[in-house]
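Chains as they are written, first to last, in numbering that gives the first Met the number 0: chain A, 0 to 371; chain Z, 0 to 455.
Careful: at least some of the hints might be erroneous.
Claimed, not checked - Looking from chain A toward chain Z, a few residues come up when the C-beta cut is under 8 Å (computed): (1) Trp108; (2) Leu112; (3) Cys153; (4) Asn338.
Just so you know, the hints here were simulated from the structure itself, not pulled from any lab data.
We treat Cβ as the ideally placed atom computed from N, Cα and C, and that holds for glycine.
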Amino acid sequence: MNMELIPGLDPHGLPGPPWLFQSLLVLTFFLHMLFVNLTLGGSLLAAVSHIASGGREGDHRLLLARRLASVNTFAIALAITTGIAPLLFIQVLYQQYFYTATILLGWIWFSLLALLVLGYYAAYLYKLRGAPARGQGGGGWLVLAAVAFLLIACLQVAVYLIQAQPGQWARFAEAPLAVLSDATFWPRLLHFVLAALAFAAVIMAWWAVRRARAGEDADGNRRIAAYAWRWALWTTALVLADGFILLAVLPRPVLLSLMRGGAATMVPLILAILLAVGLVMMLARGSDPVQSPGLVGGVAATAVLVIAVMTIVRDQVRVFYLQPATSHFTWQTAPQWFNTALFALLLIAGLATIAYVVRRVLGAPASGPEAA
Amino acid sequence: MNYPIWDIAMGGGVLMAVVAIAHVVVAHFAVGGGLVVAVTETLSVRRGDGELRELARRSSLILVLLSTVFGAVSGVGIWVTAGLISPAAISALIHTYVWGWAIEWVFFIVEITTAVIYYATWDRISKGAHLLLIWVYFVSAYLSLVIINGIITFMLTPGAWLQTQGFWDGFFNPTYWPSLVLRTGIALLMGTAFMMLAALRGTPQERARLVRYLGLWMTAGVLVAYGGYRWWEAQLPASVTDLFRGTSPTLPQLATVRHLLLWALAATLVVVTVMMLSLPRLRVARGVAAVVLLASSVVFFGGYEWLREGVRKPFLIYHYMFSNGLRVSDIGAFDRDGFLVHDAWATQGVGQGPVARGRAMFRGQCSSCHTIDGYQSIRASLPDDPDMISGVLMVLHDMGQTYTKAPPGQPVNVATLDYPYMPPLVGSEDEISDLAAYLGTLTGTDGTPAAQGGRP
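Model the full structure from these sequences, guided by the hints.
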């Protein structure tokens with residue numbers, strides 16, 4: 000590895016212990032991934048559902064597409080907002096690798112911004128406008144949003160792989176798109192996309208079941224739940240299969256480090272596999288989710304848990320990828336404990352404020368002259 | 000330094016300016032618009048005023064679409080762009096102010112969450128709960144401005160931080176409070192300028208009344224912004240104001256920008272006064288007047304941001320890091336060891352020999368501001384005489400000595416330097432000769448045909 004190409008650590012040092020930033024990175028990335036999965040998987044599922052419905056009013060797939068587009072305008076906002084924190088913490092911990100990877104991609108990385116705006120406004124256009132955004136031709140907006148978010152997924156996988164492999168930087172400097180020929184690129188992208196589809200489908204099934212059981216368009220919601228449930232089943236099965244392929248094509252030193260890491264690495268990895276197998280089994284048990292609300296709740300909770308565990312595994316894999324480079328550097332720390340405590344306090348206060356406001360909103364339904 | 004170099008023909012600074020100005024306009028609108036919408040809806044509820052309610056409602060769609068979509072994406076865009084063109088500088092800022100940004104993120108989460116719920120709950124929840132949403136939105140949006148203002152002003156006037164490296168010493172720096180007042184005024188200007196467009200969509204009677212109502216807000220915004228701007232200028236050190244004020248400013252183009260932004264602010268006041276007094280008689284022109292109002296507000300704000308960035312040259316963080324990522328504290332080591340041993344990426348793929356090394360020097364130290372033939376074209380700025388090129392380079396190199404010899408606590412007055420807006424040139428004598436040789440190939444003064452444009 001050409002160590003000369005790796006920029007030095009920032010001389011200011013870390014304003015807190017590394018474990019703290021590592022924990023914050025993993026925690027906030029997990030939150031981010033919940034909304035990213037809804038955004039990416041939801042956009043893809045909405046586009047496919049809209050096309051499958053043929054734009055026919057009353058078709059349950061069209062209803063699902065509209066519901067997803069409606070959810071997505073919130074999910075995208077929260078995906079971007081929750082993404083700020085992991086972007087911040089990765090710059091604190093891995094600035095040498097992260098900036099280098101983004102600069103090597105240059106305009107390709109910069110296009111992230113245009114794709115985000117495009118995907119976001121396309122989702123809003125479908126949600127807010129009548130024809131031609133909706134109806135038979137309206138699927139175009141959903142396809143546009145889905146393609147934009149799919150390309151962003153490609154960008155993120157590319158940046159992850161370039162930053163994780165400083166030994167390949169001279170090659171990527173000559174041809175950044177060589178990252179597409181990395182053995183793990185396509186299995187990793189597929190893992191990401193399929194998991195997003197599965198998660199969005201599970202959440203949509205859960206929501207449709209709740210509505211159906213509340214007596215709201217029972218037949219339509221029953222069909223939406225069954226349709227989303229099938230998507231969740233097949234995509235989860237494929238994620239599991241692709242996960243083993245991804246594991247097999249990991250660079251040998253990374254795989255060995257993962258296997259020899261003891262309980263710290265094996266517990267999350269095995270737990271993730273077991274949870275995914277459990278998900279497939281639970282999804283295969285019922286074809287009419289409305290009849291099994293407990294099962295649907297269990298599936299949704301397990302899906303969230305799988306994302307949490309996989310976030311930990313993903314971070315460990317990055318640590319092992321970077322180990323040959325990071326072993327040459329020692330972090331200096333200059334903790335700012337007062338500011339750390341202030342952040343923690345304000346985070347609690349901020350989340351409490353949101354909880355209070357949401358509670359007030361849910362407890363104050365109104366209509367007619369009494370409404371805002 | 001020692002990051003790969005992103006070669007873009009338009010120049011990294013221009014790209015950063017485009018992204019940053021687009022973001023700050025929307026971000027300030029999100030703050031000011033939040034206040035005006037909150038007050039407007041509160042008044043509408045207290046007075047049972049349907050016109051004010053419709054104004055708040057119409058404006059809330061713009062607020063959500065602009066602040067939660069474009070504002071959020073362009074905010075991320077500033078980090079993305081800074082990481083591409085000035086990785087060392089953004090790294091220094093992040094490592095110093097990570098907790099500041101983390102705190103701002105908390106406010107941002109509250110802001111975005113309440114904004115999307117606020118827009119989605121018109122006609123669906125009680126008036127009291129809806130008002131709570133918009134006031135929580137405004138308070139969190141303003142608090143995010145309170146935080147980010149400290150980091151932005153730190154870059155121009157780091158104050159005691161240069162000695163202590165303390166978070167709060169840099170945060171509450173000499174221009175923190177004036178800038179906060181100025182940005183509060185700007186937020187009001189941006190908020191009401193956008194809302195004016197929404198106000199013009201009502202009936203003629205509604206329009207006249209709503210324009211007068213928003214005109215009062217805008218007048219307040221102009222006055223607060225003007226006061227804040229003057230206070231900001233007064234807090235700048237003389238070495239900075241010498242660049243753009245006085246009878247013979249060091250950088251006349253920045254003096255022009257200053258005149259432009261002050262006239263734009265005056266124009267905003269005039270146009271809004273005309274609109275308030277004579278809207279019923281303005282027919283075709285009312286739409287034009289609203290657009291002019293928005294344009295003059297943006298020109299004022301953009302001009303101020305341009306001036307703020309301009310007077311910071313040659314630094315990214317004043318007296319700490321230059322615009323090409325070179326730290327003041329690194330000048331001595333780079334002169335002693337040579338520059339290229341510290342920047343392997345500059346030499347990556349440029350080949351061997353003196354001209355190649357000179358090209359690497361250009362990539363590492365000059366290309367963050369200069370392109371070959373595009374923005375800030377280096378070819379167009381070079382003298383024809385090779386001896387003059389070498390002479391200019393030696394002057395730039397000697398400027399480094401001025402920085403290293405400055406007594407602690409007495410930073411260099413850049414206005415007294417030969418090239419006040421340029422970083423010093425660092426490196427060994429051989430490297431500087433190599434750079435002169437490379438620059439000679441661009442003009443053909445080295446005896447060979449001039450090298451054609453393209454990547455440096």
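Do the hints match the structure? See the list:
1. Of the supplied interface hints, the one on tryptophan 108/A holds, with its beta-carbon coming within about 7 Å of a beta-carbon of chain Z, less than 8 Å.
2. Among the interface hints, the one on leucine 112/A holds; its C-beta lies about 5 Å from the nearest C-beta in chain Z, closer than the 8 Å criterion.
3. With 8 Å as the threshold, the beta carbon of cysteine 153/A stays out of range of chain Z, its nearest partner Cβ sitting at about 16 Å, so the hint is violated.
4. Contact between asparagine 338/A and chain Z, as hinted, is supported at the beta carbon level, the nearest pair being about 4 Å apart and thus within 8 Å.
The earlier numbered hint that this structure contradicts is number 3, and it is the only one.
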